[in-house]
Amino acid sequence: MSLLEIKNLHASVGGNAILKGVDLTVAAGEVHAIMGPNGSGKSTLAQVLAGRESYEVTEGSVTYDGHDLLDLDPEDRARAGVFLAFQYPVEIPGVSNVYFLRAALNAVRSQRGEDELDPIDFLAYVREKLKVVEMDESFLQRSVNEGFSGGEKKRNEIFQMAVLDPKLAILDETDSGLDIDALKIVAAGVNAMRDPKRSMIVVTHYQRLLEYIVPDRVHVLADGKIVRSGDKSLALELEKKGYAWLEEGVAR
Amino acid sequence: MKTEQQSVESLVGGEYKYGFITDIEADAVPPGLNEDVIRLISAKKNEPAFMLDWRLAAYRHWLTMKEPTWANVHYPPIDYQQIVYYSAPKTQTGPKSLEDVDPELLKTYEKLGIPLQERQLLAGVAVDAVFDSVSVATTFKDKLKSLGIIFGSFSEAVQEHPELVQKWLGTVVPVTDNFFASLNSAVFTDGSFCYVPPGVRCPMELSTYFRINAAKTGQFERTLIIADKGAYVSYLEGCTAPMRDENQLHAAVVELVALEGATIKYSTVQNWYPGDKEGKGGIYNFVTKRGKCAGFRSKISWTQVETGSAITWKYPSCILQGDESVGEFYSVALTNHRQQADTGTKMIHIGKNTKSTIVSKGISAGFGQNTYRGAVKVLKNAENARNYSQCDSMLLGDRCGAHTFPYIDVANPTATVEHEASTSKIGEDQIFYFQSRGLSKEDAVNMIVNGFCKEVFRELPMEFAVEAQKLLGVSLEGSVG
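Protein chains in written order, with our numbering: chain A, 192 to 443; chain B, 2 to 482.
I should point out that these hints are in silico values taken from the structure, not numbers from a laboratory. Just so it is clear, the structure is predicted and the values come from calculations on it, not from any experiment. Idealized CB from N, CA, C, for every residue including glycine. Hints may contain errors.
Here are the computed lysine-lysine pairs in the DSSO-like style, where the Cα-Cα straight-line distance is at most 30 Å [to be verified]: (1) K358(A) / K442(B); (2) K432(A) / K388(A); (3) K344(A) / K455(B); (4) K347(B) / K455(B); (5) K416(A) / K432(A); (6) K230(B) / K45(B); (7) K353(B) / K381(B); (8) K381(B) / K471(B); (9) K426(B) / K471(B); (10) K198(A) / K347(B); (11) K344(A) / K45(B); (12) K144(B) / K168(B); (13) K442(B) / K344(A); (14) K198(A) / K375(A); (15) K322(A) / K375(A).
Stretch-level coverage of chain B by chain A, calculated; a stretch enters the list once three of its residues show a Cβ under 8 Å from a Cβ in chain A [said to hold, decoys possible]: (16) 56 to 65; (17) 430 to 440.
Extracted from the complex, chain B is given alone in its bound form (with noise of 0.2 Å):
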């Protein structure tokens, strides 16, 4: 427990610290899109024919499709022909232990905090760490094995089990799903595979981290994850990149599936470059997260804190298919400084009795700009469909702001729809009460954001709260004046 508070005490400390970059030779290819380089990377990951065909299709698409502009954020156009879109570690045959990994990439890690020793196995933190778009190490794979559970990187589970990545790959988020996915679906070049056999119960919690590293590579991550039949798996992620004095566009997508009576929670925190405090630099960050709950009493539940990005366009939603199925959405949202975010979720209710709920926090500090956009649909079948969403925004200072739309759409008379939503403001005379207590100004702040975060601070993972409110304080920092 030490040295995790220690690891998280410096992940979190001060301005952002994670400005360094790792001098390792990139494999990379020229910027630019077009279908050789698709063929390019599909080659180079030494791919089977139909996730060519798989890419080829979603590009395909792609070259039809605009960006999308609804959302409310601003920045300027991104020239998708100055992207790279390759870019892997020269040491390229896979490391057997970690003795085989590049110390170079080592140390990046343990700037990070990020355990890779033993002590993992106390943590009961299984890492799969994704560097650059490769992964290159996996621990605790044996264990996981043991009971027939398939973690690791995208790319291994596309040589090792092709089968169960072309049945499920863009089953909740097909290649046409929007701009980004699409794009996404054309180039990705890594991310983490996980399938959870039946009837097993994932004995520790999954975790990535994710990091952005050579200049102008546009990260574009894949996640699959897949509980059969009455599995149980809880996943973090969380992400840290380097400080960079240009846009980077991050566009991952993350497909859940969830079979009868299994259950997927899936946790992040993402703290990627959020930009200066004029807003120069910092990551756009433009995913697509999606679940599907196809089965009987399934459940997929998403908590994340988003404290990152200069921009955040999120909306991890769920699709209730199975009857009974039920989705959950927790989510706290900052924005200091400059920073945009536009997140949210989707329910799609289509099965009998299936119930949501929606916790959403919005902060915005100094210019941010805060939008909860959230979609409730309950569809003609669905009978006796539950939702409860709550909607809460806080507002530091008078220069930030705070929006909602919920959109809400039932096609089916039994339905019980709430939605709640309230906007408060940290007042002078609350400040002024904490410090009339002994409480600095900055104490009062920390204290007054993690309670009105708690909702959702309760659903993570107890080490992952920890660095959640920490984060969330570091954040803010000078926030008050």
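So here's chain A without its partners, still in its complex pose (with noise of 0.2 Å):
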């Protein structure tokens, strides 16, 4: 059964044309990746989804888990169980990490019926979830994503992945900005999480990132639209020939 169902979605920033009819389903407990040159429009589908207001979307429809994703605002999307990991965290002064993470995981869980967890539970709890990405527990105390370097900002965003437990992880561009050190973190911290019950959509421009998070599918977006789907090999196809030769494919 599908998690995600998006058909022939067209969404436009600024009245520019993004996306132009991108069809994707996605099925629970699979892991796809979106592979594409750049302005093909992969992170603009990592924003739609996620429901980044600025973007406008003008056709089409996308269904999540039975629901019609596209009419929730995007703290519901988030307590329905949609995560985004964000190709440029942002960085809030004055707000740790631990107070935001407790204040977001108690929104999720009020939706899901459960309990909220009180600072001693909720600590309790997250102290396991550090562990998933070897962080350090000091870093729960500084202010999110205040003066992190890049590596730190993502492993962040895979850390409170971990916390929001989510049935829908989207990641947006993940590796940039990583060395190998730490690119091995993230992707063994999302390897971690594979499930069943959790679908992954991967966005990234390298085929380096899917040597360590092996995808069930690959999609190849480009000037808006996905052009090809396949296996992981598609990736490696990629990787030796670049992207130009699938643009040609489009533009004939």
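Work from the hints to combine the two standalone chains into their complex.
Structural data, given as structure tokens:
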């Protein structure tokens, strides 16, 4: 059964059409990779799924877990189990990681009909999750992403994902700006969270990440459409040939 | 704790709720001001001659003064002859206990969530409730009295401790100080008075709630707090006011005196009616607050959270006269809709090794205009004076404004003066980040703003900090679209 079904999705930013008819179906438990050249609309797709208001959906539908996803506010999508790991995580000065995450988790939990966690139970819970991304506890007291290195920011995204336990995780270029050691840690964190009940969409420019997070399906996005889909071997083919041959295919 | 929590919630919940007017027969003089009115006020309050002389001196000086225009605020001219300068509830003989208090007043306090019953003792708060310029009930006086602490209304202090009043009144804010302070000196009707004797640490937070009631009654409060050698006192001031369609002038004066080794901590959560969304109505809060660190190693700390008033004009200041004395100013000022605030502090270093800290957080939303105005002055003999100032502004939306005017005047080369300033904006990307984690826009703004104000909130007593946080949330409702 599919968790996510995107049909003929069109979206624009500031009047410029970016997505021009995306079709994509992701079944529960599957990991899909979305690849494509710069400007093909990968990040736009991720932002649209998370509900960013500045991205206008002009046509098409997105069904998530039986609901019309586009009808939900961003926070309601998150509470329903959609998680976006940002390509550029935002700094929030003055708000500690631990405070931020507890508020977020409790928002998600109350949606699921679960009790809110008090600070003590929450701390016990997050300590376990810190191990997933090999982060130090001092991390919790720092302001959200403030003064974090690029690698720390990305690890923080995966840490948040582990804490919030989403049904659908969208990873937007989580590999960009990571050195190989950080990449391995992030990939291990993601792999540890693979679960038959959780689907993931991994957006990436490079095949490198897919050596560590092996996808079930690979899609190539070019000029706002998915132009090719295949298994993991498609990623290797792209690595060899680059994106140009696909774009030629579109033009033809 | 539970009841306290509830009363805090009822105090800050929803839109401005305190727009009720208590129906009490007011004993008011006709509008306008002249020497006869001042004589009448003094007579009605049965004051000793020195008080009348003092008031008249203030009035005569006030006549020579002009209303200041340097503040970055704008309002129509005030007609001082239209203001009612005296109004008191009819029950004049002074209540002996709660049963003697007008039940209408008690209901008003209940609506405000002011605890007047026994549970206050548990909460550790003694309330000197000022209603319509006359103090109605004072609690815990006996407990404080056993420690030698005098805490009550200003009028009582004038009757019972005239020598203390005469000794200290006007020593920090003289009758000639400024236009509004001089006016206050001439016409003030009541306020709070506190004296803590040498070596005594006041065991509870002292607290006063102010409330403006009768229409067109300018509120002129006078507060005087003296901490004698080695004494400690923490004083809380919180305000709410009824909804009004007319601007109301509030020109209070607060004087603090800390003698050798004494500490005074003065915290304010100010929530006067700010006017409606178009800026109609609302209080003009033109206040003079100043403390004098008169003795060696004395300390005065001001903490304020200003969310109310149509216009705020206020600079709680410290005169650091004693060697090694310390002055602190922690402030959060929020302006939303059409509110205007021009607020800050003055730190005047006179003694050697004096130290001052200024942390100011200004938040502007809607069409709000927020100005920080602060002066650090190091006089010639203030060897090794140190000041640290941090002045941060946050903007929500693009129609509001933040302004900073730091004045630094150093006459001693050994001084160290640091000033840091920043301006930030709550970005759409920050709000989306919160939303993508399941938090609403309101949660996002609240958390960001509270994070921004953290350094100030932690200076507030616990229950006040909770109130302040919620107050900010309420005040910012609807500021993100």
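### Task
Output the numbers, in ascending order, of every earlier hint that fails for this structure.
Per hint list: 2, 6, 8, 10, 11, 14 and 16 violated.
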